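K.L.:
Residue numbers (my numbering), protein chains in the order written: chain A, -19 to 174; chain B, 25 to 378; chain C, 124 to 281; chain D, 385 to 757.
Just so you know, these hints were derived from the structure itself, not from any lab. The structure presented is a predicted model; accordingly, all values stated were derived computationally and were not measured. Every residue, glycine too, gets a C-beta built ideally from N, C-alpha and C. Any given hint might turn out to be false.
To be verified - Counterexamples of contact, computed for chain C against chain B with all Cβ distances above 10 Å:
#1 E159
#2 E171
#3 L264
Said to hold, decoys possible - In silico contact screen, one side only, chain C against chain B (beta carbon under 10 Å); selected entries:
#4 M124
#5 Y126
#6 N129
#7 N132
#8 I134
#9 L137
#10 T144
#11 G145
#12 F148
#13 L149
#14 N150
#15 R152
#16 A155
#17 G191
#18 V249
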Amino acid sequence: MKGYKIECMINQALQDLIGNWFPNPEVKNISEVVAVSETEDATEENVENPEPVNPSLLEFTEEGSQFLNITVQPEQFYALMTQLKNNTETHFDYLFCLSGIDWGEALGVVYHLESTTHRHIVVVKVKTEDRENPTLDSVCDIWKTAEFHEREVYDFFGIKFNNHPDLRRLFLTDEWEGFPLRKDYVDDINMVIK
Amino acid sequence: MNISLSITKTIHDWLYSIMPETAASITEMVLIALVYLGIFAVAGLFLVLLERKVAAWFQLRLGPNRVGFHGLLQTMADALKLLSKELTGTVKADMFLYNLAPYFVIISALMALAVIPFTQDFQAFDINIGIFFLIAVSSIGVIGILLGGWASNNKFALIGAMRSGVQTISYELSIGLSLLTMILITGSLQLSEIVEVQKDGWLIVQGHIPAIIAFMIYMIAGTAETNRAPFDMVEAESELGAGFHTEYSGMKFAYFFLAEFINMFLIAAIATTVFFGAWLSPFGITESIPLLGVFWFLAKTLILVFLMMWFRWTFPRLRIDQLLTLEWKYLLPINLVNIVIMAFIVWQNLTIQF
Amino acid sequence: MSYFSNIYNGIKTLLTGMSVTGKYFLNSRKGAITQEYPDNRDTLKMFERFRGEVVMPHDENNEHRCTGCQKCEIACPNGSIEIIWDRKVNPETGKKKKEIDQHIYHLGMCTMCSLCIEACPTDAIVWAQNYENSVYDRSYLTRVLNQPESTLKAGVED
Amino acid sequence: METTTVNSNFKSEEYFINMGPQHPATHGVLRLLLTIDGEIIKKVQPDLGYIHRSIEKMCERDSYQQIVHLTDRMDYLSSHINNEAVCLTVENALELDIPERVKVIRTIIGELTRIASHCLWWGVMGMDVGALTTYFYGFRDREMINDIFEETCGARLTMNYNIPGGLMFDIHPNFVKRTKEFVAHFKTKIPEYDRLLTGNVIFQKRMKGVGILTKEDAISFGASGPVGRASGYSCDVRKHHPYSALDKVTFNEALKTEGDSLARYEVRIMEMWESLSIIEQLIDNIPEGDYKVATNAVIKLPKGEYYQKVEAARGELGVYVISTGTKNPYRLKFRSPGFSNLSLLNHISVGGKIGDLVATMATLDLVIPDIDR
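Working from the sequences, and respecting the hints, build out all of it.
P.N.:
Given below as structure tokens:
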């Protein structure tokens, strides 16, 4: 498929571009960075190779997904999202899907972003290990649609979003206990398990 | 008191022969009131049926067709059902006003019927300020609506009632002015005299262009006055649920409902009287049989009622500010200019008379 | 001037709208789309693929085609099918064979998704075109699809 | 007059009404908390969840075949397109080669669904602004489509005609004939819609300049479908990410730049024409072939994440599946168009009147089960 290839090339370019915004402080030498990223491409999943140092704080992968996936730490998350929206080369102005996910140990949120000018898509993933009091940054002020989506995520996963203007339960009543879409949620009355 | 009812002449004479004069005239008035009440309660029900049938035919449906022949008794059955229903109300309502409101509405509607001339001498109450009386009485109804909306202690009802107040007060002007235009020709407010003038040609023909404009304004304002679509801001079911009568049930609701239809009949009847020669037959074809006047009167009225139904089932509803724009920016200025034109025409004797 | 042209155009559009409804009013005799439902029961016929309820057809010998494989039970997303089965010894061959006792179908839980009928390898269950499914008690909606004393049709399993 | 603060939320002249969940204009069980000053809307807070069935949680329990029929119950007016979205996700993940016949049939039925949905919307829209007759005219035409569906799929609304790998059964022999009849019939009816409602001066006044949504806001709020396109935002998934047989047909994306209620209305009317043209291009040459490809009885998606977007009648529907390689999805998220479209209601209706809010809501074409899922 032709379209698929073009998207791949864009993904690589995107990866290089976005990766440079958050250089890994452990990697000092620029040339080393390039070398590492080349070897990474060439010897994919080579166990003998010493573990390649990621040149960026972000992790990029396209494995098992049709889009470019960026995994980001909660600390860099808000800065990354602001950059993704405001940088003219990326200009991801359309947040079309915001899903909360219970990964087992961690709780995460996945953001699907599309640029209406460049028509490229990127997926940003952020996770938090804290299941008791998970907190992430809100992106309401970047994409207005996030307000409702984040309320939905809060409702079903209990992930709190900093700086959210109106973080309340959206679907469930305020006195509802627990967060139903978490994997460890049990409700003997309402849930039918096959 | 000017009660002239020649078809009940016998009853009149008989009553005066057996009672003192005051008692006789009171009995007579009560009798006439009861007859009117009976006739128009039933007529109102059939207007509801007509509306439902007409709506169905506009909407590719059949309409009520179960109770009686082709559903003729459907609304009777509905009225019986409403009569037998429990009257539920809200606890926090202002009970006195809440109960009073429907009577205001229905009584004002029935009162106005008294002066309508159905045929020669068939008119309960022919006062010399007929038109003025009609306009005055028909605007009492809005007080009932305001009371009902306010006393219900329901925000939707209150919004509906407030809209109704605004709407009726505005459109009252247009109704009055458009009728005033026609009174320039007749020179009298008395309905029987207005009909008398029309023996030389219906007023809409006599007054030609300004009369037609006045008629159009009257129909628009009349539709608004009865709170019917496209001016049904008061009920506006997609906005306010049921508007001012949200909290009413059973017979109290039925009064509001019936009053709406009697008001519609009233508006059409006034238009018939003032513009279309009341009970006068076209070109005087049945002038020799005065009783047929009732037929002509009802035929003309029902055609106008049908027109109002046609409006209702075709047009979208206006917004409240557009409603006021229409009145104050379009109808009122046109109306005022129209009166001047009409005055000019009457002054220069440019009316068309046969 | 636009004041008057506004009025003129406005009235024109209103009359256009009225002509549309007026046309339907005049043709209301033949144009009515109302289905007089309980009256037209005799003539009202559903399409052959209509999903009314799941039934198990039996032939004249009171034989059905259900082998009790439970594929429909697994396929059903709502658990509206339950099969009670037993292993019985076939007197001719002496082999133990699975045989249904009751094929229970909860119409009240059925979403008419057709997955059970797609899953059935022997076409034992099909859609019926019955569209009047309302009953006075919820328990009537639980139906046993195989008739009493019915048996498996010979040769279905092969 | 100066307003004094009574409590933190309300000013003294403002009051609060509860629109819904049993309100005629909210089309179902949407509850809006309105803060009103006289007739002017100050704030709209949607309160959702009255019909939430937690379809996403149910999907984590069900197999992939069983998920399909749940999507019927989301946006029940574009049920076929929802089914298609799930099936496409599964088929893409399994890398199945879907026959051309299936693609064409799916596209035709999808476009018919879109027309049916817009017909209903048109009727209800008219009713919301007070023209009650439109409802019946819209339903009359929708009924013809429903009959086509019933004959081919067996159900009128919740069709569940798609299965992963193709269609449940082949089209009915009458399908082509009936569809052509409908197309011919409907071509005479859209002009009638225009004459009855679109041109009407009252309707124009009610719609023009009401609920304006700018292009930037449309994108930022994630508006899609006719709502986004009315703001000049080219967001037709059928154009940008064509699926099924949509890459073989030519059609114009209905675009308007005004962004008001009238533009949203006109975009939907234009879309009905475009859908008719798509159907006309495909209906005469439905290729011969199988109506499905065999899949395993137990479908297991390879480990990974899959996203599929389709253009449902209300906008962009996304299906996001995370699979761990088992027969159930680990997590399945539906990005429903109505949810994003609802979130902008407050933004575009503040400052309008109650009547404007109703008209705006009608043009957003909200289907509550789609929002609540």
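K.L.:
Hint by hint, note whether the structure agrees.
P.N.:
For each hint, the structure was consulted:
no. : hint : verdict
1   : E159 : 7 Å, violated
2   : E171 : 28 Å, holds
3   : L264 : 30 Å, holds
4   : M124 : 15 Å, violated
5   : Y126 : 8 Å, holds
6   : N129 : 9 Å, holds
7   : N132 : 13 Å, violated
8   : I134 : 8 Å, holds
9   : L137 : 7 Å, holds
10  : T144 : 5 Å, holds
11  : G145 : 7 Å, holds
12  : F148 : 5 Å, holds
13  : L149 : 9 Å, holds
14  : N150 : 9 Å, holds
15  : R152 : 9 Å, holds
16  : A155 : 5 Å, holds
17  : G191 : 50 Å, violated
18  : V249 : 36 Å, violated
The structure fails hints 1, 4, 7, 17 and 18 (numbered hints given earlier, in ascending order).
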